[in-house]
Each structure stands twice: as structure tokens, then as C-alpha cells.
Amino acid sequence: KAGVTQTPRYLIKTRGQQVTLSCSPISGHRSVSWYQQTPGQGLQFLFEYFSETQRNKGNFPGRFSGRQFSNSRSEMNVSTLELGDSALYLCASSLARSHRLITGELFFGEGSRLTVL
Amino acid sequence: AQSVTQLGSHVSVSEGALVLLRCNYSSSVPPYLFWYVQYPNQGLQLLLKYTSAATLVKGINGFEAEFKKSETSFHLTKPSAHMSDAAEYFCAVSDRSGGGADVLTFGKGTHLIIQP
Numbered sequence: 001k002a003g004v005t006q007t008p009r010y011l012i013k014t015r016g017q018q019v020t021l022s023c024s025p026i027s028g029h030r031s032v033s034w035y036q037q038t039p040g041q042g043l044q045f046l047f048e049y050f051s052e053t054q055r056n057k058g059n060f061p062g063r064f065s066g067r068q069f070s071n072s073r074s075e076m077n078v079s080t081l082e083l084g085d086s087a088l089y090l091c092a093s094s095l096a097r098s099h100r101l102i103t104g105e106l107f108f109g110e111g112s113r114l115t116v117l
Numbered sequence: 001a002q003s004v005t006q007l008g009s010h011v012s013v014s015e016g017a018l019v020l021l022r023c024n025y026s027s028s029v030p031p032y033l034f035w036y037v038q039y040p041n042q043g044l045q046l047l048l049k050y051t052s053a054a055t056l057v058k059g060i061n062g063f064e065a066e067f068k069k070s071e072t073s074f075h076l077t078k079p080s081a082h083m084s085d086a087a088e089y090f091c092a093v094s095d096r097s098g099g100g101a102d103v104l105t106f107g108k109g110t111h112l113i114i115q116p
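In the order they appear, the protein sequences are chains F and G. Position one of the first sequence corresponds to residue 1 (our numbering), numbered consecutively onward. Position one of the second sequence corresponds to residue 1 (our numbering), numbered consecutively onward.
The following block holds chain F by itself, in its conformation from the complex (with noise of 0.2 Å):
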């Protein structure tokens, strides 16, 4: 069985650029979620998705945007990219099926490594 696919996995951007990142959750998963990850931070939460519908949403500006197809799939985008904008980008899929259920499990992807300069 397939793991959580990001693509890309690194890549380097300007400031004020725009970068989208792709994620493609295991099969059968629906919920997708999103962290950054930085060694000052941590890892930190930035939101998440089921059936197409962002359920939660970190504490994170506007400029970070997400979204999720009806096969899964989600990519997020970060519009006017800063310097502190530079981390680890990890997708997580999850198998709840249904918004009452909490499974609280998480398999992430390796992720997306973001260089702003």
C-alpha cells in the first residue's frame, strides 16, 4: 500500500513568490492535514481537510491557503513568500471516514522542504 506522496520534495523560491505544494494521501484516507515544521517552532499545526471541507485551521496568516479534491488529494499554497516562510512541509493522512470519527493517527509523507531567499 502507497504511503503519503508530496511532491515536490525540495525547492527553492524568491521572496514574494508563490509556491503550491502537493500532497496525495493513502488510499481510502480522507482526511488530510498540513504542518510546518522549523527548528525554532517546532512542528505546527496549519490545517486540515475532509471531504473537500477545511475543518480546522492553525494560527497561521491568510497568505497560507489550502484545498482539497474530491479524489483526496490536497495542496497548499503560500502566496508572498518570506524569509520565515523557509521549513519542512509535511502532509499527514488520516482514516476517518466520518467527522465523528477521531482516530487521532496520523501517516505523514516526507515532505516538502521550502528555501526562501
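If you're looking for bench data, these hints aren't it; they were derived computationally from the structure. Treat the hints loosely; a few may be bogus.
Calculated Cβ distances over 10 Å to all of chain F for the following chain G residues [stated by the list, open to error]: (1) S12; (2) S28; (3) K49; (4) A53; (5) K58; (6) G59; (7) E64; (8) T72; (9) S73; (10) T77; (11) S80; (12) A86; (13) T105; (14) I113.
Cβ-to-Cβ under 10 Å is the rule here; a few derived chain G residues that face chain F [to be verified]: (15) N24; (16) Y32; (17) F34; (18) Y36; (19) Q38; (20) Q42; (21) L44; (22) L46; (23) A87; (24) F90; (25) A92; (26) D102; (27) L104; (28) F106; (29) G107; (30) G109.
Given the structure is predicted, the values throughout are model-derived calculations rather than measurements. Quick reminder that beta carbons are idealized off the backbone N, C-alpha and C, glycines included.
Since chain F is already given, all that's left is putting chain G on it; use the hints.
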């Protein structure tokens, strides 16, 4: 609001020695608790989880953790360290009340160093 505190950003043990990584949590509801491991340039891999069943949880690679409600702790242990255990370890708590979503709050992580 929930939170996780991992004591010690770096822990160094000798190969074959006991591994003990400490985690304390704060949660307003009975928590789900997790330990994840991250190897360099990789994502997070689940080691073990506590979901209100047995308080002693066994995970992969010989790791286990014990949920102690009175101490609000969920420390990770392994009887005998192996060089391959060198990695970053994260304790996490799940917000089971968070609108039906699987949202994890992570600790800052503990870097485990294994001395030969």
C-alpha cells in the same frame, strides 16, 4: 487548550543502555497520546499510541510507553539502545474535541544520540 512538554532537547545514551524520553501533557479531555520518530530528511513515523485502552503501550522497534494519568506523563522507554535508534522523537496529543478533526499538538522534540 492542550499542550505537550518534552524534557530535554537532547538525550545521549550508550549503545545497550536504557532509553528514557520524557513527555508530560496537558489536556482538558481524556487524551490520545502518541510518540513519533523522525529520521533525517524523512517524515514522521508512528512508534506507538495510547487511546484509553491499556496504560502500557508497546510499539515498534522495542519501544514502549506508559500512560500515567496522575502524573500526566507518557514517557517513552526502550530497554537496550541500538545505534539505529538515533533520531528525533516527538510526543504528541490529539485534540479529540476539535471539531471532529485529527489534529495533533506536538512537543518540541528530543534528539536521541547513541554513543558507541
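Hint check results:
For S12/G, the condition that its CB be more than 10 Å from all CB atoms of chain F holds, with the nearest at approximately 19 Å. With a least beta-carbon separation of about 15 Å from chain F, S28/G lies farther than 10 Å from that chain, consistent with its non-interface assignment. Listed as a non-interface residue, K49/G fails to keep its Cβ farther than 10 Å from every Cβ of chain F; the least gap is roughly 6 Å. For A53/G, the non-interface assignment is confirmed: its Cβ lies about 13 Å from the closest Cβ of chain F, beyond the 10 Å cut-off.
Listed as outside the interface, K58/G is consistent with that label: its C-beta sits roughly 15 Å from the nearest C-beta of chain F, beyond the 10 Å cut-off. Every CB of chain F is more than 10 Å from the CB of G59/G (nearest about 12 Å), matching its label as outside the interface. Distance check for E64/G against chain F: the nearest CB is about 17 Å away, which clears 10 Å, and the non-interface claim stands. Every CB of chain F is more than 10 Å from the CB of T72/G (nearest about 17 Å), matching its label as outside the interface.
The Cβ of S73/G sits about 18 Å from the closest Cβ of chain F, beyond the 10 Å cut-off, so the non-interface label holds. No Cβ of chain F approaches the Cβ of T77/G within 10 Å, the least distance being about 21 Å, so the stated non-interface status holds. No beta-carbon of chain F comes within 10 Å of the beta-carbon of S80/G; the shortest separation is about 27 Å. No Cβ of chain F approaches the Cβ of A86/G within 10 Å, the least distance being about 18 Å, so the stated non-interface status holds.
The non-interface label for T105/G is inconsistent with chain F: the shortest C-beta to C-beta separation is roughly 7 Å, within 10 Å. No Cβ of chain F approaches the Cβ of I113/G within 10 Å, the least distance being about 17 Å, so the stated non-interface status holds. Because the beta carbon of N24/G sits about 16 Å from the nearest beta carbon in chain F, more than 10 Å, this interface hint is broken. Checking Y32/G against chain F: minimum C-beta separation of about 4 Å stays under 10 Å; hint holds.
Below 10 Å, beta-carbon pairs count as interface contacts, and F34/G has one with chain F at about 7 Å; its hint therefore holds. For the restraint placing Y36/G at the interface with chain F, the shortest Cβ-Cβ distance is roughly 8 Å, inside the 10 Å limit, so the hint holds. For Q38/G, the suggested interface contact is upheld, since its CB lies about 9 Å from the closest CB of chain F, less than 10 Å. Hint status for Q42/G relative to chain F: holds, with the closest Cβ pair at about 5 Å, below 10 Å.
The beta carbon of L44/G is positioned within 10 Å of a beta carbon in chain F (closest approach about 4 Å), and the interface hint is therefore held. At about 6 Å, the closest approach between the beta carbon of L46/G and any beta carbon in chain F falls short of 10 Å, and the interface hint on this residue holds. A cut of 10 Å between beta carbons decides the hint on A87/G: the least distance to chain F is about 14 Å, and the hint is violated. Interface restraint check: F90/G against chain F, minimum CB-CB distance 7 Å, threshold 10 Å, status holds.
Hint status for A92/G relative to chain F: holds, with the closest Cβ pair at about 8 Å, below 10 Å. Hint on D102/G holds. Least Cβ distance to chain F is approximately 4 Å, under the 10 Å limit. Of the supplied interface hints, the one on L104/G holds, with its beta-carbon coming within about 6 Å of a beta-carbon of chain F, less than 10 Å. Below 10 Å, beta-carbon pairs count as interface contacts, and F106/G has one with chain F at about 4 Å; its hint therefore holds.
The beta carbon of G107/G is positioned within 10 Å of a beta carbon in chain F (closest approach about 8 Å), and the interface hint is therefore held. Satisfaction of the interface hint for G109/G is found here, the shortest Cβ-Cβ separation to chain F being roughly 6 Å, below the 10 Å cut-off.
In summary, the structure is inconsistent with hints 3, 13, 15 and 23 from the numbered list given earlier, while agreeing with the others.
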